[in-house]
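Generate coordinates for the entire structure from the input sequences, incorporating the hints supplied.
2 protein chains.
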Amino acid sequence: MKILITGGAGFVGSRLARTLLQRGTLDGRQIEKIVLADQAPARAELLADPRIEARVGPLLSHCEALRNEAFDGVFHLASAVSGECEIDFDLGLRSNLDSTRALLDALRHRVNAGAKPARLVFSSSVAVYGPDAAVPMPAIVTDTTLPTPQTSYGMHKHVCEHLIADYTRKGYLDGRSARLMTVTVRPGKPNGAASSFFSGIIREPLAGVVSICPVGPEVSHPMSSPQRTVEGLIAVYEASREAFGGRTAMNLPSINVTVAQMMDALEEVAGPKVRALVRFERDERIAGIVANWPTGARADRAAALGLKPEASFADIIRQYIADCAGQPQALKGMA
Amino acid sequence: MKILITGGAGFVGSRLARTLLQRGTLDGRQIEKIVLADQAPARAELLADPRIEARVGPLLSHCEALRNEAFDGVFHLASAVSGECEIDFDLGLRSNLDSTRALLDALRHRVNAGAKPARLVFSSSVAVYGPDAAVPMPAIVTDTTLPTPQTSYGMHKHVCEHLIADYTRKGYLDGRSARLMTVTVRPGKPNGAASSFFSGIIREPLAGVVSICPVGPEVSHPMSSPQRTVEGLIAVYEASREAFGGRTAMNLPSINVTVAQMMDALEEVAGPKVRALVRFERDERIAGIVANWPTGARADRAAALGLKPEASFADIIRQYIADCAGQPQALKGMA
Numbered sequence: 001m002k003i004l005i006t007g008g009a010g011f012v013g014s015r016l017a018r019t020l021l022q023r024g025t026l027d028g029r030q031i032e033k034i035v036l037a038d039q040a041p042a043r044a045e046l047l048a049d050p051r052i053e054a055r056v057g058p059l060l061s062h063c064e065a066l067r068n069e070a071f072d073g074v075f076h077l078a079s080a081v082s083g084e085c086e087i088d089f090d091l092g093l094r095s096n097l098d099s100t101r102a103l104l105d106a107l108r109h110r111v112n113a114g115a116k117p118a119r120l121v122f123s124s125s126v127a128v129y130g131p132d133a134a135v136p137m138p139a140i141v142t143d144t145t146l147p148t149p150q151t152s153y154g155m156h157k158h159v160c161e162h163l164i165a166d167y168t169r170k171g172y173l174d175g176r177s178a179r180l181m182t183v184t185v186r187p188g189k190p191n192g193a194a195s196s197f198f199s200g201i202i203r204e205p206l207a208g209v210v211s212i213c214p215v216g217p218e219v220s221h222p223m224s225s226p227q228r229t230v231e232g233l234i235a236v237y238e239a240s241r242e243a244f245g246g247r248t249a250m251n252l253p254s255i256n257v258t259v260a261q262m263m264d265a266l267e268e269v270a271g272p273k274v275r276a277l278v279r280f281e282r283d284e285r286i287a288g289i290v291a292n293w294p295t296g297a298r299a300d301r302a303a304a305l306g307l308k309p310e311a312s313f314a315d316i317i318r319q320y321i322a323d324c325a326g327q328p329q330a331l332k333g334m335a
Numbered sequence: 001m002k003i004l005i006t007g008g009a010g011f012v013g014s015r016l017a018r019t020l021l022q023r024g025t026l027d028g029r030q031i032e033k034i035v036l037a038d039q040a041p042a043r044a045e046l047l048a049d050p051r052i053e054a055r056v057g058p059l060l061s062h063c064e065a066l067r068n069e070a071f072d073g074v075f076h077l078a079s080a081v082s083g084e085c086e087i088d089f090d091l092g093l094r095s096n097l098d099s100t101r102a103l104l105d106a107l108r109h110r111v112n113a114g115a116k117p118a119r120l121v122f123s124s125s126v127a128v129y130g131p132d133a134a135v136p137m138p139a140i141v142t143d144t145t146l147p148t149p150q151t152s153y154g155m156h157k158h159v160c161e162h163l164i165a166d167y168t169r170k171g172y173l174d175g176r177s178a179r180l181m182t183v184t185v186r187p188g189k190p191n192g193a194a195s196s197f198f199s200g201i202i203r204e205p206l207a208g209v210v211s212i213c214p215v216g217p218e219v220s221h222p223m224s225s226p227q228r229t230v231e232g233l234i235a236v237y238e239a240s241r242e243a244f245g246g247r248t249a250m251n252l253p254s255i256n257v258t259v260a261q262m263m264d265a266l267e268e269v270a271g272p273k274v275r276a277l278v279r280f281e282r283d284e285r286i287a288g289i290v291a292n293w294p295t296g297a298r299a300d301r302a303a304a305l306g307l308k309p310e311a312s313f314a315d316i317i318r319q320y321i322a323d324c325a326g327q328p329q330a331l332k333g334m335a
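If you read the protein sequences in the order shown, they are chains L and P.
Heads up: the first sequence begins at 1 in the working numbering, then just goes up one per residue.
Heads up: the second sequence begins at 1 in the working numbering, then just goes up one per residue.
For the record, the hints were derived by calculation from the structure and aren't laboratory data.
The beta-carbon is built from N, C-alpha and C at its ideal position, and this holds for glycine as well.
Listed below are the simulated DSS-like cross-link pairs for lysine-lysine, each with C-alpha atoms no more than 30 Å apart in a straight line:
(1) L:LYS308 to L:LYS2
(2) L:LYS189 to P:LYS170
(3) P:LYS308 to P:LYS189
(4) L:LYS170 to P:LYS189
Simulated coverage check for chain L against chain P, where a stretch passes if three residues somewhere in it have a Cβ under 8 Å from a Cβ of chain P:
(5) 126-134
(6) 158-165
(7) 246-255
Listed below in structure tokens is the structure:
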């Protein structure tokens with residue numbers, strides 16, 4: 001089978017590709033090819049596998065060609081992130097709405113030409129939720145909570161969920177939208193997402209670097225490890241339509257923790273000196289965005305698919321440390 | 001002040017224009033000009049008023065010019081209807097999504113150039129609601145019911161609600177989305193909306209013509225008279241942002257009645273011979289669409305604005321009969 005991963009050079013996309021290569025199969029079928037479409041070049045370690053093909057450039061520029069190419073499955077992860085979309089409104093519309101529409105229309109074009117509908121998993125986000133004066137947000141959002149997005153990014157994600165549901169209803173694709181919780185710990189540099197600090201306050205101290213936390217320790221948030229997130233995307237892909245249940249987006253599992261609990265977990269795993277590298281300096285722009293996010297989430301439909309969150313945030317930190325094997329710089333703070 | 005009505009040659013748009021001309025003011029300001037943008041020519045009776053200017057053509061073709069024109073207020077009513085969108089997927093996307101986006105971007109362009117944000121009322125629809133396997137629909141939908149649209153038309157309306165909420169959050173407009181209930185009794189010919197028969201089964205018998213009801217008498221639906229609908233749009237325009245409450249779409253009031261109750265009201269107002277002109281012949285396509293619509297609606301936020309539904313369906317029929325004064329053909333069945 002042939003798979004397309006948009007955003008395939010990103011953190012989640014790369015890990016998904018690596019996991020799929022290791023499995024060798026998806027939904028019981030042999031994986032022959034995985035195309036990674038991304039603005040950035042794909043990771044060298046992935047390109048070393050002959051099953052990987054990389055295409056570099058904005059997603060929008062690829063979609064015309066996709067009308068003439070057969071894919072069995074698509075993981076649509078490409079997205080401008082929340083911070084970027086707040087700063088550049090047009091960039092957000094183009095990267096998140098126009099690109100998704102062009103991708104869906106390419107898949108529809110193939111069905112109109114007689115092809116079987118492709119299966120598509122869309123990475124939506126917990127950022128669809130927000131408080132509106134007319135619709136108070138519950139402390140813990142669920143699969144059936146009314147999304148009233150308070151960022152452009154959240155709006156884009158929710159609009160794409162609805163587009164995908166309707167294209168699916170019409171038989172143009174077999175689409176499933178899964179709402180990712182905040183993926184922590186991301187490696188590398190901050191990425192412009194307003195949620196970036198949730199990784200930074202773990203990653204930087206472990207590397208021996210001071211990290212600024214732009215919100216207070218009382219802030220609570222639903223999070224998930226990279227590996228659980230990737231496993232969730234694969235499980236949503238492999239679910240039967242009946243098991244997925246309807247065409248409405250589904251929350252992926254989360255562990256709901258406060259920044260203070262994250263700090264306690266950091267100290268538990270890496271010691272008090274590492275914890276002490278986190279400084280609290282409020283950033284009104286970031287804090288304002290985060291204040292509109294839910295403090296926790298529930299994922300009943302995902303649980304029915306057998307998906308579970310990490311048992312503790314310390315386990316998430318331990319996963320990150322294991323991922324850093326062979327990169328002593330990344331764990332310099334623990335030395 | 002200068003007002004734009006998209007869909008201004010349509011039934012609701014024309015009635016809104018006539019009502020505004022009669023009032024002479026909106027939100028306490030003198031109305032100097034009302035521009036009616038529509039694919040169809042504006043009604044002659046409206047064009048006779050010097051305050052009316054008509055522009056004929058697809059909305060999308062007008063939007064570039066709208067970047068260079070100041071409007072204080074916009075009523076965005078233009079839309080391809082549900083039946084059309086199910087038959088022609090591209091037409092629906094173009095007429096409902098692309099046109100709305102172009103309109104919003106024209107208004108945003110003006111704000112970026114230093115203008116005050118225009119106030120915009122968007123006519124969304126009760127068609128945003130539908131049952132999804134993952135999210136059962138309540139018998140009576142409310143302002144906070146999670147919309148899971150089961151038609152492309154309903155999806156388009158809901159997506160536009162979210163676009164308008166986000167453009168409003170960013171200060172590009174002062175947008176308010178109001179969900180219209182099924183407007184009954186529409187005059188003239190059936191219009192391609194799946195809900196068209198709700199008017200036909202009253203209008204045709206009153207004109208002495210047999211009408212086919214494509215669904216059973218037990219089917220219940222939230223309806224509103226044309227005048228209450230227009231009054232609702234004006235009230236939503238005139239509400240303060242605080243009174244409107246948030247940026248989430250609001251249901252307009254409805255009277256929730258079954259087809260059987262509509263028939264009883266028809267007999268009450270026009271007699272048994274008129275009622276006997278309605279024949280029940282199930283149409284699977286229409287019945288299938290209608291089966292996914294809510295059987296009734298509640299409008300708590302609209303009620304807080306002082307808006308009320310008609311007291312009885314017989315009153316809605318009487319309003320239609322009064323509107324037909326001077327058109328004896330339209331009431332030939334009662335002769």
